[in-house]
Amino acid sequence: RKEVEQDPGPFNVPEGATVAFNCTYSNSASQSFFWYRQDCRKEPKLLMSVYSSGNEDGRFTAQLNRASQYISLLIRDSKLSDSATYLCVVISNFGNEKLTFGTGTRLTIIP
Amino acid sequence: DAGVTQSPTHLIKTRGQQVTLRCSPKSGHDTVSWYQQALGQGPQFIFQYYEEEERQRGNFPDRFSGHQFPNYSSELNVNALLLGDSALYLCASSSRLRQGRRDTQYFGPGTRLTVL
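Those protein sequences? They're chains A and B, same order as listed.
1 is the number of the first residue of the first sequence in the working numbering; add one for each residue after it.
1 is the number of the first residue of the second sequence in the working numbering; add one for each residue after it.
Worth double-checking, as some hints may not be accurate.
Listed next, the in silico DSSO-like pairs over lysine-lysine satisfying Cα-Cα at most 30 Å (straight line) [unchecked claim]:
| hint | chain 1 | residue 1 | chain 2 | residue 2 |
| --- | --- | --- | --- | --- |
| 1 | A | 45 | A | 2 |
| 2 | A | 2 | A | 42 |
| 3 | B | 13 | A | 98 |
| 4 | A | 45 | B | 13 |
| 5 | A | 2 | A | 98 |
| 6 | A | 45 | A | 98 |
| 7 | A | 42 | B | 13 |
Think of the hints as simulated: they come from the structure by calculation, not from any bench.
Isolated chain A (complex conformation) (with noise of 0.2 Å):
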């Protein structure tokens, strides 16, 4: 089992739609979430941490469910900007930042 699963998509969606992406992993110790958006051709950028009290970022919200081992990430709104891969990170134990990736959901957003 891979420790971080992800939806590879692709996800076709309208500009102005909701999407959302789900994202499971297998370390229950995992100590540290994040979302980091991938554009072709280009390096990871963090878009945002995630954290168990869940957490807002203008048009995107993260939220954590240890007991699920799942995370997920919702764009409301979406704009053709979005079009991108979103990766699903894991950091699995304190003091250890060997960032554990998913196989990223690519999302295409549709004028």
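Following the hints, complete the assembly by docking chain B onto the known chain A.
The following block gives chain B in isolation, referenced to the frame of chain A:
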């Protein structure tokens, strides 16, 4: 303030050759991590350098080695290249905070290696 830089941007090698990739961390960062990203996959952790020593290593063979210099820059060396080594090689830098924690990792643009 320069971000993470990597060189070269693209590289073509043949099987059996050796390659060296370079990374300069973001100003103020002292830790460098290397990742390999194959097409259609997420990045895979290779190893991390701090204080000029390899601190952690992922599931990569000994053909993959590295070095960190006193100015915190780093090199990734791959010997006896295989076709399967073709990938985007990403360098990420971060800084060590108190109590062993580190700040967010910032990625460089990567080096795209093609092995023929």
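These are the hints, each one checked on the structure:
1. For the given pair, residue 45 (chain A) sits about 22 Å from residue 2 (chain A) by alpha-carbon distance, which is consistent with the 30 Å threshold.
2. Using a Cα cut-off of 30 Å, the hinted pair residue 2 (chain A) and residue 42 (chain A) holds, with the two alpha carbons roughly 24 Å apart.
3. Proposed proximity of residue 13 (chain B) and residue 98 (chain A) is supported: the alpha carbons are some 28 Å apart, at most 30 Å.
4. At roughly 28 Å between alpha-carbon atoms, residue 45 (chain A) and residue 13 (chain B) fall within 30 Å of each other, so this suggested pair holds.
5. The suggested pairing of residue 2 (chain A) with residue 98 (chain A) holds, with an alpha-carbon distance near 15 Å, which does not exceed 30 Å.
6. For the hint pairing residue 45 (chain A) with residue 98 (chain A), the CA-to-CA distance comes to about 16 Å; that is within 30 Å, so the pair holds.
7. Between residue 42 (chain A) and residue 13 (chain B), the direct Cα distance comes to roughly 21 Å. Compliance with the 30 Å bound is thereby established for this hinted pair.
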